[in-house]
Amino acid sequence: MGILLFGVAKDIAGTPKMDLPEHITDVGALKQWLYNHYPALMQLSSMMIAVNRSYATDGQAITAADEIAVIPPVSGG
Amino acid sequence: MGILLFGVAKDIAGTPKMDLPEHITDVGALKQWLYNHYPALMQLSSMMIAVNRSYATDGQAITAADEIAVIPPVSGG
Amino acid sequence: MDVLISIKETITVQEALDFIQSPECGGEVIFTGTIRNHTKGRGVVKLFYECYEAMAISEMHKIADHVKAQWDIKKLAMLHATGDKYPGDIAVVIAVASAHRGIAFDACEYTIDTLKETVPIWKKEFFEDGRD
Amino acid sequence: MDVLISIKETITVQEALDFIQSPECGGEVIFTGTIRNHTKGRGVVKLFYECYEAMAISEMHKIADHVKAQWDIKKLAMLHATGDKYPGDIAVVIAVASAHRGIAFDACEYTIDTLKETVPIWKKEFFEDGRD
Numbered sequence: 195m196g197i198l199l200f201g202v203a204k205d206i207a208g209t210p211k212m213d214l215p216e217h218i219t220d221v222g223a224l225k226q227w228l229y230n231h232y233p234a235l236m237q238l239s240s241m242m243i244a245v246n247r248s249y250a251t252d253g254q255a256i257t258a259a260d261e262i263a264v265i266p267p268v269s270g271g
Numbered sequence: 195m196g197i198l199l200f201g202v203a204k205d206i207a208g209t210p211k212m213d214l215p216e217h218i219t220d221v222g223a224l225k226q227w228l229y230n231h232y233p234a235l236m237q238l239s240s241m242m243i244a245v246n247r248s249y250a251t252d253g254q255a256i257t258a259a260d261e262i263a264v265i266p267p268v269s270g271g
Numbered sequence: 002m003d004v005l006i007s008i009k010e011t012i013t014v015q016e017a018l019d020f021i022q023s024p025e026c027g028g029e030v031i032f033t034g035t036i037r038n039h040t041k042g043r044g045v046v047k048l049f050y051e052c053y054e055a056m057a058i059s060e061m062h063k064i065a066d067h068v069k070a071q072w073d074i075k076k077l078a079m080l081h082a083t084g085d086k087y088p089g090d091i092a093v094v095i096a097v098a099s100a101h102r103g104i105a106f107d108a109c110e111y112t113i114d115t116l117k118e119t120v121p122i123w124k125k126e127f128f129e130d131g132r133d
Numbered sequence: 002m003d004v005l006i007s008i009k010e011t012i013t014v015q016e017a018l019d020f021i022q023s024p025e026c027g028g029e030v031i032f033t034g035t036i037r038n039h040t041k042g043r044g045v046v047k048l049f050y051e052c053y054e055a056m057a058i059s060e061m062h063k064i065a066d067h068v069k070a071q072w073d074i075k076k077l078a079m080l081h082a083t084g085d086k087y088p089g090d091i092a093v094v095i096a097v098a099s100a101h102r103g104i105a106f107d108a109c110e111y112t113i114d115t116l117k118e119t120v121p122i123w124k125k126e127f128f129e130d131g132r133d
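Residue numbers (this note's numbering), protein chains in the order written: chain B, 195 to 271; chain S, 195 to 271; chain R, 2 to 133; chain G, 2 to 133.
No wet-lab data here; the hints were simulated from the structure. Just so we're clear, the structure is a prediction, and the values are computed from it rather than from any experiment. Treat the hints with care, since some could be wrong.
What the hints assert, rightly or not - Taking beta-carbon pairs under 8 angstroms as the criterion, some of the chain B residues facing chain G (in silico): (1) Leu198; (2) Phe200; (3) Gly201; (4) Ala244; (5) Val268; (6) Gly270; (7) Gly271.
As the list claims (entries may be wrong) - Stretches of chain R that chain S covers, calculated by requiring three or more beta carbons in the stretch to come under 8 angstroms of a beta carbon on chain S: (8) 53 to 65; (9) 81 to 93.
From the three backbone atoms N, C-alpha and C, an ideal C-beta is built for every residue, glycine too.
Next up, chain B with everything else stripped away, as it sits in the complex (with noise of 0.2 angstroms):
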């Protein structure tokens, strides 16, 4: 399914999607991987990675199956 991004990660990375990296096999690590590639996402004052359209925690597993998704500051409303 790979990785979909949103808002101001979408700009950042400059692409709606990407595959899941080879060796990332939880959502600690993907987040590492996203700030070694795209360090302006540090900047956010929150990057949150959903898993299946749900928030996930760091130790999450994820696999190339899942549908994940970064999701910066929501501003909704």
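Assemble the complex: chain B is given as a structure, and chains S, R and G must be docked to it using the hints.
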């Protein structure tokens, strides 16, 4: 101008309007006169008197030239 | 603060919305009170709202003055219906517009709470069982 | 509790009012969020709302579940608009109906506050001065 009666106070007195009784010169005396003549008014959880469209305290002076109103518990909304 | 105060036979939510609409405001809170088909377990046929109109308008303006003094509210509409009202009919509409939603909630709740305490309007209930 | 949750290009207050209308309820509280013509002192041309729709719908249902668990609310409508929105347009409508107004205010404020914290929707602002 006389006395206007509303809601259940009107029902108890049996009239929407009456003249200010003679010798009544303040709000407290009027309340006492009303309780004497219509004892059922004492069963209301509150009975306010308005003078010229504002709630009045017992000490407020009244004359036949004032617009006086008997205000049982309100229940708007 | 712009204020719309009205007491009349029929009121609508739309007229309150139209009045408070402003591109300067980001948050609007609206309270509507409608006639229920039961109260304290008894079926309601209708309500009759009686009003001491001149004083009611005056008391509603006092509430508006308090809202203006307490909060940075841009628009306030207070509408109350009179006469015979049936289940589903609207009895009261309070609508508040502000740049910030928190105070809009506070001001709207204050307005309806105070209206129910101070504004000389009375409802008479007519029940299905015919008793008072 | 009956729930209406919707995310779409254009939303109206009326559809929320129609949904929550019930002769069983006496008090309705409605919050509407509209596009302001300025923010932090800068003129706003438009906003663009982006949405992770499947998750947003899921998070809105979680909010509804919390409302249902906390308060005796009969009806809850949560509508959010997407796409380009201009000053005066409606971005969000929350509408709550209950037999008692106090909890309707609480539930409505909780719903909009939580929606703004958890639902994956993002607004991008376009300013008159052309800068980001």
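Hints, verified against the model:
1. The closest approach between the C-beta of B/Leu198 and any C-beta of chain G is roughly 7 angstroms, which is under the 8 angstroms cut-off, so the hint is satisfied.
2. Residue-level restraint check for B/Phe200 holds (minimum Cβ-Cβ distance to chain G is 5 angstroms; threshold 8 angstroms).
3. Taking 8 angstroms as the C-beta contact cut-off toward chain G, the hint placing B/Gly201 at the interface holds, the least distance being around 4 angstroms.
4. The beta carbon of B/Ala244 comes within 6 angstroms of a beta carbon in chain G, closer than 8 angstroms, and the hint placing it at the interface holds.
5. For the restraint placing B/Val268 at the interface with chain G, the shortest Cβ-Cβ distance is roughly 6 angstroms, inside the 8 angstroms limit, so the hint holds.
6. Residue-level restraint check for B/Gly270 holds (minimum Cβ-Cβ distance to chain G is 3 angstroms; threshold 8 angstroms).
7. For B/Gly271, the interface hint holds, the least distance from its beta-carbon to any beta-carbon of chain G being 4 angstroms, beneath 8 angstroms.
8. With a cut-off of 8 angstroms between beta carbons, the region 53 to 65 of chain R has 5 residues touching chain S; three or more are needed, and the interface restraint holds.
9. Closer than 8 angstroms: that is the beta-carbon criterion, and the region 81 to 93 of chain R has 3 residues meeting it against chain S, so the requirement of 3 holds.
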